[in-house]
Amino acid sequence: MVAVPIGLGLLALLLDAFAPNRPVEYEDELAHFYYGSIGSDLSAGIPVKVLRVLPEVFPEHLPAGAERHDLTAFGFIQEPGEPLPIGFSVRRRFIDLAGMNCAACHTGQVRGSETREPLIVPGMPANTVDLHAWFGFLFDVAADEDFTARTLLAAMDEAGLLAPGDRLIYRFAVPQLRDALRERAARNAYFFRPEYTAFGPGRVNTFDTFKTDQFRHYYAERGITPEAREMYGIVDFPSVWNQTPREGLALHWDGNQTSVRERNFSAAIGAGTEPQDMGVDSLLRVEAWLDALPPPDYPFPIDAELARRGQGIYQARCAACHDFGGERIATVEPLERIGTDPHRVWSYTEILRDAQQDYTEGYFWAFRNFTVTDGYTSQPLDGIWARAPYLHNGSVPSMWDLLTPEEERPVAFELGVDVYDQARMGFQAERLEPAGDGFMTTDGTPYDGDHFVLDTRLRGNANSGHTGPRYGTDLDDGERRALIEYLKTR
Numbered sequence: 001m002v003a004v005p006i007g008l009g010l011l012a013l014l015l016d017a018f019a020p021n022r023p024v025e026y027e028d029e030l031a032h033f034y035y036g037s038i039g040s041d042l043s044a045g046i047p048v049k050v051l052r053v054l055p056e057v058f059p060e061h062l063p064a065g066a067e068r069h070d071l072t073a074f075g076f077i078q079e080p081g082e083p084l085p086i087g088f089s090v091r092r093r094f095i096d097l098a099g100m101n102c103a104a105c106h107t108g109q110v111r112g113s114e115t116r117e118p119l120i121v122p123g124m125p126a127n128t129v130d131l132h133a134w135f136g137f138l139f140d141v142a143a144d145e146d147f148t149a150r151t152l153l154a155a156m157d158e159a160g161l162l163a164p165g166d167r168l169i170y171r172f173a174v175p176q177l178r179d180a181l182r183e184r185a186a187r188n189a190y191f192f193r194p195e196y197t198a199f200g201p202g203r204v205n206t207f208d209t210f211k212t213d214q215f216r217h218y219y220a221e222r223g224i225t226p227e228a229r230e231m232y233g234i235v236d237f238p239s240v241w242n243q244t245p246r247e248g249l250a251l252h253w254d255g256n257q258t259s260v261r262e263r264n265f266s267a268a269i270g271a272g273t274e275p276q277d278m279g280v281d282s283l284l285r286v287e288a289w290l291d292a293l294p295p296p297d298y299p300f301p302i303d304a305e306l307a308r309r310g311q312g313i314y315q316a317r318c319a320a321c322h323d324f325g326g327e328r329i330a331t332v333e334p335l336e337r338i339g340t341d342p343h344r345v346w347s348y349t350e351i352l353r354d355a356q357q358d359y360t361e362g363y364f365w366a367f368r369n370f371t372v373t374d375g376y377t378s379q380p381l382d383g384i385w386a387r388a389p390y391l392h393n394g395s396v397p398s399m400w401d402l403l404t405p406e407e408e409r410p411v412a413f414e415l416g417v418d419v420y421d422q423a424r425m426g427f428q429a430e431r432l433e434p435a436g437d438g439f440m441t442t443d444g445t446p447y448d449g450d451h452f453v454l455d456t457r458l459r460g461n462a463n464s465g466h467t468g469p470r471y472g473t474d475l476d477d478g479e480r481r482a483l484i485e486y487l488k489t490r
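UniProt numbering numbers the first residue of the sequence shown as 1 and each following residue consecutively.
To be clear, the hints were calculated from the coordinates, so they are not data collected in a lab. Check each hint, because a few of them may be wrong.
Restraint-style ranges between C-beta atoms, simulated for each label pair [what the hints assert, rightly or not]: (1) Phe-300 / Glu-27: 28 to 36 Å; (2) Met-440 / Phe-172: 32 to 40 Å; (3) Asp-354 / Val-419: 39 to 47 Å; (4) Gly-165 / Arg-459: 26 to 34 Å; (5) Asp-354 / Arg-68: 25 to 33 Å; (6) Arg-216 / Asn-21: 24 to 32 Å.
Here the structure is a predicted model, which is why all the values come from computation and not from measurement. Note that CB positions come from ideal geometry on N, CA and C, so glycine has one too.
With the sequences and hints as input, model every part of the structure.
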């Protein structure tokens, strides 16, 4: 995804000469995963104090319906007592800088009801985090005429954040941050056009932003402009637990990588880390922790007898493709066979692979294992209960819907919901039907909610495929319930 370098100019020279340059470190492994640096706070750092006041200063640019004027408006998970949400690291300099890490996209939350406190699940897809809205917000506020040192210093002062010397430093820092954001916004304008398919919570365009940003010079030097069809590779965040048995399997949704380490370093670049700033030791520490992180236990009651019935269905219908050791585990299923939305497959091209290799050449972790495929890989189903919505692009809200023929799946539904649907095995998202320029609920009333709506009619969002007897969509309702109950035990 896009990153936001601060580019401090003259101030950067002072920082390099006199300031400390060290990330905040954590002894606890979970805290390190949540808040440890992977290098993006050096390559793409934003001043922490600016980050903390931006939502309060510019509420008009927050997502519609935002209840709080802070970073939780974008679905980031805020722990009590922490200055920033999970997924943000801090680097100590004259002014502290914040960057994103792995946990921003790979920590989710689940509630049993709207009145329950959320259960935070490390390694889970970040089901509430809307990166498209977050970066759109940063780009919008940078374009706002009130994005000035005077405005932000006043907000920091009111919040009690100013320290001696801040007024001098931020006189330089704010204008140069603004300019850097505007430059980055121009490079990524393609993804914020009104007609572009917004990601919404829990999803991201993994590779296409590289083409206009980090790898733009590689493309320009060769006179290559990406085709429109390859710019919609939007996917659901994957889970990242239990990585040891995944080593050597076809990774990513399209199976374009077999090295867990290369996948992790590629994700760090996506989070904003430049190769020379890569937090190698930190990433290797995260890698070792994720290798052994078990999938989360299902947090609600399970009908043991129903699950036993479902186990037989699983063994007959699912295990060959989705069980560790299954004969077709991590097999790339060609598009013509699986029938799912093709845009993620079209997104990863040979020129993109070559650009990745060129960008990382000379580093011991340089990319050597990426490859172009023609379909989507059959993933292991450990912790599958926590990985809704389903399919590579998150276009099917629940396991119940995935086990129904594609024509019966919801045309549209809400994203960003964290209340769990125990019967369907997904989240309690409102299912919607098109109605003029908007949507209506299943009872025929106009939809007026504030959640992001995933419209499967848009490019990259199709909910087709994975249908027919081979994929279990011929099961009757009782068999579906039994299979779902068993999948809760995985």
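For each hint, the structure was consulted:
The hint said 28 to 36 Å for the Cβ distance between Phe-300 and Glu-27, and at roughly 33 Å that hint holds. Separation of Met-440 from Phe-172 is about 52 Å and departs from the stated range, judged on CB atoms against 32 to 40 Å. Take Asp-354 and Val-419: their Cβ atoms lie about 44 Å apart, and the range 39 to 47 Å holds. The hinted range of 26 to 34 Å is not satisfied by Gly-165 and Arg-459, whose Cβ atoms lie roughly 49 Å apart.
About 44 Å separates the C-beta atoms of Asp-354 and Arg-68, a value inconsistent with the hinted range of 25 to 33 Å. Checking the proposed 24 to 32 Å range against Arg-216 and Asn-21 shows it holds: the Cβ atoms sit about 27 Å from each other.
Of the numbered hints given earlier, the model fails hints 2, 4 and 5; all others are met.
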